[in-house]
Amino acid sequence: MTGKVFGQPIPRLEDQFLLTGTAKFIDDIEIPGMVHAAFLRSDYAHARIKKIDYSAALKRPGVIAVYTAEDFGDYWRPGPLQVPPPTAIKGSQFNARPLVPIAKDKVRFSGEPLAVVIAESRYIAEDAFDDIIVDLEPLPAVVDLEEAWENKPALVHDDLGTNMAALVKQERGNYEEARAKADVVISRKILVNRNAAAAMENRGFVVNWDEREQEMTVWATTQAPIPLRNTIAARLGLFENQVRVITPFIGGGFGPKIMTSQADDVLLPWIAMKLKRPIKWIEDRRENFLATTSERDQVHYAEIALTKDGVILGVKDVFYHNTGAYDPYGMTVPLNTQTHTISNYRVPSFYTEIRMVFTNQMVVTPVRGAGRPEGVFVMERLMDAAARELNMDPAEIRLKNLLEPNELPLRTGIIGQDFVEGVLDSGNYKANLQKLMEMVEYEKFRKEIQPALRAQGKHVGMGIVCFTEGTAVGPYEGARVTIGGNGKVSVATGISTQGQGHFTVFAQIVAEQLGVKAEDVNVVTGDTAHFHWGAGTFASRGAAVAGTAIYNAAVKVREKIFATASKWLEVPPEQIELGDGKVWVKGKPEQFITLGDLAFRANPTRGVIEPGVEPGLEATGYYGPPYGATGAGAVAMIVEIDPETMELKIKRFVIVHDCGTVINPLLLEGQVEGGVSMGIGNAFYEKMVYDENGQLLTASFMDYLMPQATDMPPKIEIGHLTTTSPLNPLGIKGVGEAGAIPTPSAFVQAVEDALFEYQLEIPESNLSPSKIFEYVQKASKKG
Amino acid sequence: MKPVNFDYYAPTSVDEALDNLAELGYNGKVLAGGQSLIPTLNFRMARPAALVDLNNIPELAYIKPTSDGGLAIGTMTRDSKVEYNPEVAKRFPLLPEVMKFIAHPQIRNRGTFGGAIAHADPAGQLPAVSVAMNATMRLRRKGQERTVTADEFIIGPFMTVLEPDEMLAEVILPPNPPRTGSSYKQVSRQKGGYAQAAVISVVTLDDRNRCKDVRMVLMSVGERPILSQKAREILMGQEASNEAFRAVAEAAATQEADPATDLHATADYRRSLVRVLVVRSLTEAFDRAKRGG
Chain V
673 MTGKVFGQPI PRLEDQFLLT GTAKFIDDIE IPGMVHAAFL RSDYAHARIK KIDYSAALKR
733 PGVIAVYTAE DFGDYWRPGP LQVPPPTAIK GSQFNARPLV PIAKDKVRFS GEPLAVVIAE
793 SRYIAEDAFD DIIVDLEPLP AVVDLEEAWE NKPALVHDDL GTNMAALVKQ ERGNYEEARA
853 KADVVISRKI LVNRNAAAAM ENRGFVVNWD EREQEMTVWA TTQAPIPLRN TIAARLGLFE
913 NQVRVITPFI GGGFGPKIMT SQADDVLLPW IAMKLKRPIK WIEDRRENFL ATTSERDQVH
973 YAEIALTKDG VILGVKDVFY HNTGAYDPYG MTVPLNTQTH TISNYRVPSF YTEIRMVFTN
1033 QMVVTPVRGA GRPEGVFVME RLMDAAAREL NMDPAEIRLK NLLEPNELPL RTGIIGQDFV
1093 EGVLDSGNYK ANLQKLMEMV EYEKFRKEIQ PALRAQGKHV GMGIVCFTEG TAVGPYEGAR
1153 VTIGGNGKVS VATGISTQGQ GHFTVFAQIV AEQLGVKAED VNVVTGDTAH FHWGAGTFAS
1213 RGAAVAGTAI YNAAVKVREK IFATASKWLE VPPEQIELGD GKVWVKGKPE QFITLGDLAF
1273 RANPTRGVIE PGVEPGLEAT GYYGPPYGAT GAGAVAMIVE IDPETMELKI KRFVIVHDCG
1333 TVINPLLLEG QVEGGVSMGI GNAFYEKMVY DENGQLLTAS FMDYLMPQAT DMPPKIEIGH
1393 LTTTSPLNPL GIKGVGEAGA IPTPSAFVQA VEDALFEYQL EIPESNLSPS KIFEYVQKAS
1453 KKG
Chain S
3 MKPVNFDYYA PTSVDEALDN LAELGYNGKV LAGGQSLIPT LNFRMARPAA LVDLNNIPEL
63 AYIKPTSDGG LAIGTMTRDS KVEYNPEVAK RFPLLPEVMK FIAHPQIRNR GTFGGAIAHA
123 DPAGQLPAVS VAMNATMRLR RKGQERTVTA DEFIIGPFMT VLEPDEMLAE VILPPNPPRT
183 GSSYKQVSRQ KGGYAQAAVI SVVTLDDRNR CKDVRMVLMS VGERPILSQK AREILMGQEA
243 SNEAFRAVAE AAATQEADPA TDLHATADYR RSLVRVLVVR SLTEAFDRAK RGG
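If you read the protein sequences in the order shown, they are chains V and S.
Take the position in the first sequence, starting the count at 1, then add 672; the result is the number in my numbering.
Take the position in the second sequence, starting the count at 1, then add 2; the result is the number in my numbering.
If we strip away everything but chain S, and leave its shape as in the complex, we get (with noise of 0.2 Å):
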């Protein structure tokens, strides 16, 4: 369990990180919080020629509000710090409940914002989150810059649209609507661990309390986050109520999730599970818009 030779890059720019990756190519892996690379490495599963470690790089880690009311974050910046931020918790109080899901304190005082998304697990919260938030994703390369959607961003299991040379730079949140309430259902096997299934509820009411606009997210019980079309079928200009809300459940869970049987659980349970918080969410997401978000 130690990692092979690598060479180590340590930018102290963003400028020069991206010099670095130019010139490494396919050779190169940005290292951010390493939460997750790390323990790749020592079990050399990856085994990259060249880190560039973006930890070094003040300018990368920072919380601030956009003109239209949202919030950038940038990639280093720590998951803790986005947990704890008054700002992130007034604007987005679905990312300091979601936090407290992800690993344990001491993980996300060293995992980033950026890098969790980057990672693209399938069971990881902040992608699903992402996704669920509908953020735009700034990447970056030597002289280039281009913006993605969330969605866009993930294409599968540990998979992005990044080039080789490119880095995930910024990550931007549009302002929620008024009336509009979030929910987090998760089942783990254990406080910290991976999520067995997850739903994700982004839900804004009109003022007679009718479904605006949703963006459900099924998390890990499938290759990639999953942005439920049922949900919005279901729900769009609907009040809150059981029936719907089970109807939303059932497709989502015989349609749309697609989970795999692991070592901790068959599919057929993750399934039930996403019936079960695919209600609890909406539920609650519902009743939260209704109080005002």
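Chain V on its own, in the form it takes in the complex (with noise of 0.2 Å):
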């Protein structure tokens, strides 16, 4: 019998490609007669381009063509926008400014593609750079927000009129009359700094144009497969079953590979076309940085109104959202942070506008967190500031605020990314807390062990935050389930795989379903000739929501089979059993047939396939829940500081987590683990700074720290809460983004702590050894 596989442990099927070194990446394609692509890219960041000259380029050996702007005439176009703004929320503007391929008049980004140069390698298109005269006008760089916001120094779109890239207000009880009613009301500027995705993987595109067969192959390192294709097809008059997109194995996604429309996905097919020939382009780590979507950044005002009991009446945030130089994933990233700023508390009044402005950075898209490390970065330093003005422990005022679980399913009165109200549909906030409470021994910590340590002049201190994480949002997945003839099962779902486990967790899922071992589940993502329809690995969906869909075709073909072998065995279906890869009589184990037989006769060369009944054990399924699903926790950090010179070493990390059901409890921990890490990377490693002129000082990993093995805490210890969704069979949350979420805010209110004597107070997500120098030498001369 196969045993119980859904829920388990067992370890990652697709390993066993990676580990060996045996697993297709985008780099490892090779196709005869293939070209490399290469872009220049500008130096400034905003600029009027004057003149391109390339004509020394195409006379140098091994260069094949060179395109600009120009060259591309009718076909150069912006966009599409590939996130609209959600249409429900009244009096919202949004200045739609799609990204456009390859600069044409005007620079509006470091980075941003000048010319596309096409050679036999990647070295001589990039030797022929050198050959490309350039003429630019610099402009003023529109880089501060609040600035851009007053349309100063410049306007990145000049026909605009304006940088305003988005205003959205929502409110939902009255802020104002809460604010009237409240004893204590807390206003704090707070700024959430950038940070890369930083991927292991780069970016890449392989374009191959079969002129003969009419059918053009793509290899994309995307986290959107079936969008992408769909652009491209549209964009050349093709059908979509002309263009087929494969994802090989790809090193990490965290949110800038959903993108399309760049300047890979729009240019190289087109030029295929033309030259008839493959082309390959595989983006290195400088151009990942220059001109891959990135994240964050924000400059918040926000303002909490209590009670002098510490029970919040209201909550206002004012913030201003960089999307950089365009706008094409819409307003996602700032719908996240309202929908996340109010969180898990009981907030009876929150007023919350978004003042979205473009920039000369680089857009800003989603990366692991997407908007919600902001908004939960926001609340929970309000609640530490109304903490220590309270005279409070922060654990406690956060216990007074959370939800309780019979508030549940909470309408939270803001729309969110997925275009409908946001809503809290399960959860036990408090619980979380509790446990986790329990876990880092709260209050021994707080009586005994560091009132001691203090005592001998250690700095040791403790953040411990709440979060909620917005996951498994629409609109849809789809998926297909087959048993084959081998009597194995093919699964073919239309999101890509960047590393998260799904080959095996999807496995599991089916396996479950269909009495077979997991690693005879073969399970393919984003490949659009074998599924494609669907949307993409985004939002912490990936289980939830294709991982549902898998599920109710599984469902169906498991009820297939036993109409199936009904038939053939001539047993009413209550009578049949499944497991180990066939299905017999109950009681009569050798009345059987293999799963593989059944396949077969399922899908008969003579006979007769009855009226109404669909040949195979084949079924495809779809699901596209209302609204997400939203997972929750709590972190308690505790970290020792050396005090001359700053360094910092965390001493514990602890994380309660409530998913929902659990598919797999080991790679659900890596999931959070790896969250974690980005989480620790962006409160004390990871910066992207740019300067007064638009240049982005971080282009490279000796100026952007990524965090290291050594960086990490000695243990990252996990409690799980399972609070199952009602929106799903499965009773799934999502999981993905979950440690990068909150792990900011515990890192700061951590270093507070720490060095209570200088009573700090720190209003930005990114610290540094040398930052935190500055506070206490600002603190010591205040005091």
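If you are wondering where the hints come from, they were derived from the structure by calculation, not from laboratory data.
In this text, all values refer to a predicted model and were calculated from it rather than measured experimentally.
There may be inaccurate statements among the hints.
[Stated by the list, open to error] The calculated label-pair distances, taken between Cβ atoms and stated as ranges, are: (1) Asn913/V x Asn44/S: 51 to 57 Å; (2) Gly1342/V x Phe45/S: 56 to 62 Å; (3) Ala826/V x Arg49/S: 33 to 39 Å; (4) Lys980/V x Gln192/S: 24 to 30 Å; (5) Lys980/V x Phe45/S: 30 to 36 Å; (6) Asn44/S x Phe697/V: 50 to 56 Å; (7) Leu730/V x Thr263/S: 44 to 50 Å; (8) Tyr795/V x Gln231/S: 30 to 36 Å.
[Said to hold, decoys possible] Take a look, some chain V residues computed to stay more than 12 Å from chain S by CB distance: (9) Glu798; (10) Asp956; (11) Arg958; (12) Leu1250; (13) Glu1319; (14) Pro1337; (15) Pro1379; (16) Gln1380.
All C-beta atoms in this analysis are idealised placements derived from N, C-alpha and C, irrespective of residue type, glycine included.
Hints given; two lone chains; assemble the complex.
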């Protein structure tokens, strides 16, 4: 009998390929006659293009062609918007400026493509940059968010007459009334710094146009293969089924690889058809920093109104959000910030206003967390400020304001990134925090451990915060499940995989339904020839949305197995048992048929398939949630700071997490740990810095610090609670971003607590020893 | 991130390499371990017409005792060979101690002792250590040889006295007198990362625990390793004392260190690190010297 696989911590099935170096990545693809593309990028952040002369480059041996925006004729056009703005928010304004594939007339960020060179090798293509004469007239760069809002010092899009990309006001209750009743009102300016996704593998794009077949094959490191295929086909006037998009193994996504309508996927298919040569482009790390989207960078003016007992009456948050030079991803990130600011607290009145601005910086689109860490950071900073003002314990004020399970589901009154009103579907937020406090021995730490350490002169502090993670948003995903003549099961779904472990968890879902071993389930993700309906991998939705679609398909196949077997075994379906890759008559195991045989019989070459019956042991399933499922949790971290050098060590990191039903505890822990390490990176290492000219100063790993294994706490202690989601049959919520969301909030609180004697109040999300030193210096001078 | 075209020479003897360099002059660039040069080439920040690769010259990789009890280290000796050599550990415990701070093991397996010194990165440990240890550099060009001290060798950020056709062939480390103790203290953002500040101290005591010699180098807080004169002035003839160390720290931080503000740290912060690290390094070096080095 096949054992229970769903919910078990089985090792990842894909690791045999990854760990033995046999997995195929995009740069492994070689096609006869293939040529290489390189993009000449602007050194200026903001400039008018006067002239680009590439005639000398064409004379260089090995150069095949060079194109600028003008050379694409009518094919050059912006967009389309990948995510339009929600129409449901009354009075909201949005100025659509989708990506342009290659700069025309004007450059709007440093790193924007000016020309694409096609050559026999990447080396030659880059050599040809030296031959291209670019005449740019520099313009003042728009860098500061608040200045940008005032249309200073220039306009990013001249025709728009404003740098406003969006203005969105949402309110529940009535904040001004709440404020009038409050005993205490606390206002703060809070900054959230910008980080790169910095996936281990950069982006890549390979395209092959088969003139005789009239078919195009694209290999891409995309998180959204189907939208990518659809836009390529539409642009070139091809049918969708003339374009096949394949995602090979991908070394991490984290958000930016969702993007389509960029230089590579717009220009290279067109060029490949013109030249009738396969083209490869592999992004290098410098290009990735400069011209792959990244995220965060918000300035908040936030306010919290409370009673003197620490009960929240209302929250107000007006914030500037940097969308960069264009806004192709709509308002997804700042909308997530709005829905996550109030998070899991009882906030009767909430006013939130997005002021999204264009700047001369790289475009901002979701990176793991996607607006959620910002919202949580703002709220947790306000809670910390309130606790201090009211002389309350940070855990106590949180416990007092967390929603109770019987208050859920709760309509938040705030429209989210998925265009519908945010609903907290289920959860037990207080229990998360209480379990965390037990795990971290909260009372003992505050009353015994910390005082004792302080008496020894040690600077040890704890941060303790709560968070939610809106996950598993629509619109939908689909999947096809097929039992093959070999008795094994194939699954195809439209999302793609960047290392999450989909090949394992999807196999577990199917194996459980179809009575086969997980290793006998072959999962195909991200190949439009195998499944071509869906949206993609984002918003922690793979397992919950695609997983549920796969479950729905598997349940249908299971029904077909019983119906077909009933015919061949000549007993009613209730008398049939399924397991170990076969079906048999209950009590008579010798009367059996293997699933492989059954699959053949379900697809006969003679005989009759009855009307209304579909052939084969195959079914397609879809799933689209009405709104997303919300995971939640709480984090405590203990840090020790050397007060002389401000070097910091994380002594303990504890996270309690609730993502509903767990498909595979091992992979879940991996997801949480990965998120936490990204959160630690965001809080203490990773920071993208643009100077006043819009130049990115952190365009290599020499300057952009990635967290290393040696920067991690000795152990990430994880506690689980399970509150199943009522939104899908398996009760799953997403978890992909969980660890990244609360960590910066916990980090700054822990630093403040460690250096308690200075009474620091840190208003920003990215710290360094030098920065802590500055805060301490300032505090010492004041004191 | 692909280098421009360059000619590639792979000599198999020192003489051949010197011939290549003589022929190439300003067009030639020596390739040792490549841990700094190759990224610079890939970024196209360096565009030498030709590389002379020393990796095929076994005679340049060695660690040999000298007649006076010191060591001579061939320029192509991998950092990890120095790190794990028992003779090095016995005579110069400072070296294995410092090695742990140089990038990561994979990089130390490729990176070379001479290459790092000749690169003269102001944040590099080995140029600073060679100054603290008062090393002698043996430089060779076709038909000529000269020696200079480490302090003379390094003239600025990424600048040395090497002529275009000349190579650093050997680093000679003079023996430590008895009762010499050393210490390396560094603060960096991450393990293996660039030092934001570091202090190296080499201290020799007399039999009454008074300072007979001190070479203290401030690293990564100026355009080149800074050999502290203040440490000498204040400490010579003195016994270990927190007071003296603090005086050195204050003088070094305010008068000798010249740190810049960069993306990761302000000059003020780095100066404050010098204050802290000078005291920590001197305390440890004196303590070790007292215990016999």
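Against the structure, the hints come out as follows:
no.	hint	result
1	Asn913/V x Asn44/S: 51 to 57 Å	violated (41 Å)
2	Gly1342/V x Phe45/S: 56 to 62 Å	violated (34 Å)
3	Ala826/V x Arg49/S: 33 to 39 Å	holds (35 Å)
4	Lys980/V x Gln192/S: 24 to 30 Å	violated (45 Å)
5	Lys980/V x Phe45/S: 30 to 36 Å	violated (59 Å)
6	Asn44/S x Phe697/V: 50 to 56 Å	violated (20 Å)
7	Leu730/V x Thr263/S: 44 to 50 Å	holds (45 Å)
8	Tyr795/V x Gln231/S: 30 to 36 Å	violated (50 Å)
9	Glu798	violated (5 Å)
10	Asp956	violated (4 Å)
11	Arg958	violated (6 Å)
12	Leu1250	holds (51 Å)
13	Glu1319	violated (6 Å)
14	Pro1337	holds (31 Å)
15	Pro1379	violated (8 Å)
16	Gln1380	violated (6 Å)
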